[in-house]
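First to last, the protein sequences are chains A and B.
Counting along the first sequence from 1, when you hit position 118 you're at 117 in numbering that gives the first Met the number 0, and nothing is skipped either side.
Counting along the second sequence from 1, when you hit position 187 you're at 186 in numbering that gives the first Met the number 0, and nothing is skipped either side.
In short, the hints are calculated from the structure, not lab data.
Given the structure is predicted, the values throughout are model-derived calculations rather than measurements.
Watch out, some of these pointers could steer you wrong.
Unchecked claim - In silico lysine to aspartate or glutamate, DMTMM-like type, Cα no more than 25 angstroms apart, as pairs:
| hint | chain 1 | residue 1 | chain 2 | residue 2 |
| --- | --- | --- | --- | --- |
| 1 | A | LYS58 | B | GLU282 |
| 2 | A | LYS29 | A | ASP91 |
| 3 | A | LYS51 | B | GLU225 |
| 4 | B | LYS227 | A | GLU216 |
| 5 | A | LYS155 | A | ASP32 |
| 6 | A | LYS58 | B | GLU22 |
| 7 | A | LYS155 | B | ASP193 |
| 8 | A | LYS225 | A | GLU81 |
| 9 | A | LYS29 | A | ASP177 |
| 10 | A | LYS184 | B | GLU279 |
| 11 | A | LYS184 | B | GLU225 |
| 12 | A | LYS51 | B | GLU279 |
| 13 | B | LYS227 | B | ASP193 |
| 14 | A | LYS58 | B | ASP307 |
| 15 | A | LYS29 | A | ASP129 |
| 16 | A | LYS225 | A | GLU44 |
| 17 | A | LYS184 | A | ASP128 |
| 18 | A | LYS155 | A | ASP23 |
| 19 | A | LYS29 | A | ASP40 |
| 20 | A | LYS155 | A | ASP39 |
| 21 | B | LYS227 | A | ASP53 |
| 22 | A | LYS51 | B | ASP307 |
| 23 | B | LYS227 | A | ASP48 |
| 24 | A | LYS58 | A | ASP48 |
| 25 | B | LYS227 | A | GLU81 |
| 26 | A | LYS225 | B | ASP20 |
| 27 | B | LYS152 | B | GLU77 |
As the list claims (entries may be wrong) - Some chain B residues near chain A, calculated using beta-carbon distances under 10 angstroms:
| hint | residue |
| --- | --- |
| 28 | GLY25 |
| 29 | ARG49 |
| 30 | GLU83 |
| 31 | ARG94 |
| 32 | VAL96 |
| 33 | LEU123 |
| 34 | GLU132 |
| 35 | ARG159 |
| 36 | ALA167 |
| 37 | SER188 |
| 38 | TRP189 |
| 39 | ASN226 |
| 40 | LYS227 |
Built from N, CA and C at the ideal position, the CB exists for glycine as well.
Residue-level listing of the chains:
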Amino acid sequence: MTSLLRALAAAGLALCAWHANAADATALLKAADRYRIAGDDMQVEVQIDTTKSDGSPDKQRRYTTFSQSGHRSLVLMQSPAERGQKVLMLGDDFWLLMPSSQRPLRITPTQKLLGDASTGDVATMRWSDDYTAEVVGEERCGEVACIHLVLTAARKGVTYQRIGLWVGAARHEPLRADLYVQSEKLAKQARFVMDRPDAPTAMTGMVLTDQLANGRETRVQYLSRKARSVPEAWLNPMYLARNPSLE
Amino acid sequence: MNGAKTLIAASLLAASAAHADVEAGGQVRLRVDDQTTGRNATAEAELRGRWRAVTASGTLAHGWSQHAGDTDLSRVNELYAAGEAAGWSFAAGRRIVSWDVGYGFRPNDVVQQERRRTLLPVLLQGKAVLQAEWFGADEAWSLVAVDPTSSSKEHAFAARAWRRVGAADWHAYARQGEDTGPSLGTAVSWVANDATEVHASVRYAHEVNGRVHVPQALAGFTWTGENKVGVIGEVWYDGSAPSDAEWADPRSVRGLFTQASALQNLRRRSVFVRLSWTHEGWEPSLDHLWLPSDRSHTTTAALGWQGDRLRVDVGVRRLGGPAGSVMAASPVNHIGYAAATWSF
Numbered sequence: 000m001t002s003l004l005r006a007l008a009a010a011g012l013a014l015c016a017w018h019a020n021a022a023d024a025t026a027l028l029k030a031a032d033r034y035r036i037a038g039d040d041m042q043v044e045v046q047i048d049t050t051k052s053d054g055s056p057d058k059q060r061r062y063t064t065f066s067q068s069g070h071r072s073l074v075l076m077q078s079p080a081e082r083g084q085k086v087l088m089l090g091d092d093f094w095l096l097m098p099s100s101q102r103p104l105r106i107t108p109t110q111k112l113l114g115d116a117s118t119g120d121v122a123t124m125r126w127s128d129d130y131t132a133e134v135v136g137e138e139r140c141g142e143v144a145c146i147h148l149v150l151t152a153a154r155k156g157v158t159y160q161r162i163g164l165w166v167g168a169a170r171h172e173p174l175r176a177d178l179y180v181q182s183e184k185l186a187k188q189a190r191f192v193m194d195r196p197d198a199p200t201a202m203t204g205m206v207l208t209d210q211l212a213n214g215r216e217t218r219v220q221y222l223s224r225k226a227r228s229v230p231e232a233w234l235n236p237m238y239l240a241r242n243p244s245l246e
Numbered sequence: 000m001n002g003a004k005t006l007i008a009a010s011l012l013a014a015s016a017a018h019a020d021v022e023a024g025g026q027v028r029l030r031v032d033d034q035t036t037g038r039n040a041t042a043e044a045e046l047r048g049r050w051r052a053v054t055a056s057g058t059l060a061h062g063w064s065q066h067a068g069d070t071d072l073s074r075v076n077e078l079y080a081a082g083e084a085a086g087w088s089f090a091a092g093r094r095i096v097s098w099d100v101g102y103g104f105r106p107n108d109v110v111q112q113e114r115r116r117t118l119l120p121v122l123l124q125g126k127a128v129l130q131a132e133w134f135g136a137d138e139a140w141s142l143v144a145v146d147p148t149s150s151s152k153e154h155a156f157a158a159r160a161w162r163r164v165g166a167a168d169w170h171a172y173a174r175q176g177e178d179t180g181p182s183l184g185t186a187v188s189w190v191a192n193d194a195t196e197v198h199a200s201v202r203y204a205h206e207v208n209g210r211v212h213v214p215q216a217l218a219g220f221t222w223t224g225e226n227k228v229g230v231i232g233e234v235w236y237d238g239s240a241p242s243d244a245e246w247a248d249p250r251s252v253r254g255l256f257t258q259a260s261a262l263q264n265l266r267r268r269s270v271f272v273r274l275s276w277t278h279e280g281w282e283p284s285l286d287h288l289w290l291p292s293d294r295s296h297t298t299t300a301a302l303g304w305q306g307d308r309l310r311v312d313v314g315v316r317r318l319g320g321p322a323g324s325v326m327a328a329s330p331v332n333h334i335g336y337a338a339a340t341w342s343f
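With the rest of the complex left out, here is chain A:
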């Protein structure tokens, strides 16, 4: 009887520890998210610079991203070669809209990976919306102590199925991440750039190294962020197909 009680107590303690770990991990993830995006409904201007495998500059792209509550995002391509293209993401459903057509194209989660920084990289502003987190343990990230988290996709339409994320132990700012696709292949590695490395308040960018394309590097800069709720019609693919003015 005593041994049964001991086993039950041990199981209870393990359950509590697991629950505390999960709660801690979720809190850590939400804290890390706050460095990327502060509110529910935001407009973020993004610039992406890509370099070739030999390190020479390749392309520059500009995007306007409307990140809205309820897993809804709209990405507007602003560079001359892509101007007028849009990607709409409503939960696990995605559409590509071309400027010369009134025909929204349904795209698959894998098609979001096409491009140097996938539209998923540009539009995903909150990990805590899409992933469940688990703390692996404390480690050293260069000079600073950091916490290693493993994020597992909680929804089917996310760009990466698993993410290894390292956040600062003191302030919980994101430091780096390993991004894995469905087949468990390491697709990209990310390094996050903060506004003030000694006392960070916001993420100003990230550097993505594509492990599936000879280490090709993509630098993502968040040029500006502001609170903005867009009209509901902007989140309807058929409305976007009309090529309306979205300013």
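Following the hints, complete the assembly by docking chain B onto the known chain A.
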């Protein structure tokens, strides 16, 4: 008339320079192609602009052909005004209206009826339309009155309903033509898993290309791998294309070839496959259209490169098949092309 069109197109650029609230852009393209019937070269500029409620796009082109010499072309692709009132969106003018879900064939593209499987993307020329649309959270209605144009010589009224149901988009289409009568269609595009999208389209039309009681249908899929390899596969049936019996009749064959440019498909049954790979700005692709009725085929190999503003495309298309097949009898049996496009 051409001068007026040129003026409209050129004014888009001038307006963009003069007004800060004008959105403007476009591209310049140089293209050369070499085909069975001779060599051609084209320099063209596409200009797009929007000022308040008015949207316009135009094309200016100069062509050189080994047989026809120099030609100039200017046209207004779109020029329409759009606005919103009482929860509805309205548009009036020349406008591109593209419907349906297929890649190689779109039976329900009942307003624009654009040519598919072109070697390079072409800025379409819109139709003269009056359009009213309503948008809900997961549904939309579109009602279009189409005026006669050079390629569509009848008044028509068309409607589209769209509804999002989970991972699928459902579409319903109806068209009533002044001369060709009614047609009804439906289409679906469904994301089946992370890599695969499946689509299908069906239409029944009272009359198309002078044929009556015409069924048309398409089924296909797109698949994209994590390694950025893409596959499109489609099969379709087009009841508006000439029948096997018509192609077998020597008295009608010459007439069928003269109609060919107006037909979406030369044979009723088609199978289409396209493979592509995207890597560091490069996109090699290979596609194959096979007509099982006479075992003729069209194969296109292409290579595209997209830089910061410059895009380069090269490719070759070959048509072939057994003696007497429709592709083997085509006056053009190969086309090689190269194009450079600069976006601004």
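Right, here's what the structure says about each hint:
no. : hint                : result
1   : A:LYS58 / B:GLU282  : 16 angstroms, holds
2   : A:LYS29 / A:ASP91   : 21 angstroms, holds
3   : A:LYS51 / B:GLU225  : 20 angstroms, holds
4   : B:LYS227 / A:GLU216 : 17 angstroms, holds
5   : A:LYS155 / A:ASP32  : 20 angstroms, holds
6   : A:LYS58 / B:GLU22   : 23 angstroms, holds
7   : A:LYS155 / B:ASP193 : 8 angstroms, holds
8   : A:LYS225 / A:GLU81  : 24 angstroms, holds
9   : A:LYS29 / A:ASP177  : 18 angstroms, holds
10  : A:LYS184 / B:GLU279 : 19 angstroms, holds
11  : A:LYS184 / B:GLU225 : 9 angstroms, holds
12  : A:LYS51 / B:GLU279  : 8 angstroms, holds
13  : B:LYS227 / B:ASP193 : 13 angstroms, holds
14  : A:LYS58 / B:ASP307  : 5 angstroms, holds
15  : A:LYS29 / A:ASP129  : 11 angstroms, holds
16  : A:LYS225 / A:GLU44  : 9 angstroms, holds
17  : A:LYS184 / A:ASP128 : 23 angstroms, holds
18  : A:LYS155 / A:ASP23  : 24 angstroms, holds
19  : A:LYS29 / A:ASP40   : 16 angstroms, holds
20  : A:LYS155 / A:ASP39  : 22 angstroms, holds
21  : B:LYS227 / A:ASP53  : 21 angstroms, holds
22  : A:LYS51 / B:ASP307  : 12 angstroms, holds
23  : B:LYS227 / A:ASP48  : 20 angstroms, holds
24  : A:LYS58 / A:ASP48   : 6 angstroms, holds
25  : B:LYS227 / A:GLU81  : 19 angstroms, holds
26  : A:LYS225 / B:ASP20  : 21 angstroms, holds
27  : B:LYS152 / B:GLU77  : 19 angstroms, holds
28  : GLY25               : 9 angstroms, holds
29  : ARG49               : 6 angstroms, holds
30  : GLU83               : 9 angstroms, holds
31  : ARG94               : 8 angstroms, holds
32  : VAL96               : 5 angstroms, holds
33  : LEU123              : 6 angstroms, holds
34  : GLU132              : 7 angstroms, holds
35  : ARG159              : 9 angstroms, holds
36  : ALA167              : 8 angstroms, holds
37  : SER188              : 4 angstroms, holds
38  : TRP189              : 8 angstroms, holds
39  : ASN226              : 7 angstroms, holds
40  : LYS227              : 6 angstroms, holds
In summary, the structure agrees with every hint in the numbered list given earlier.
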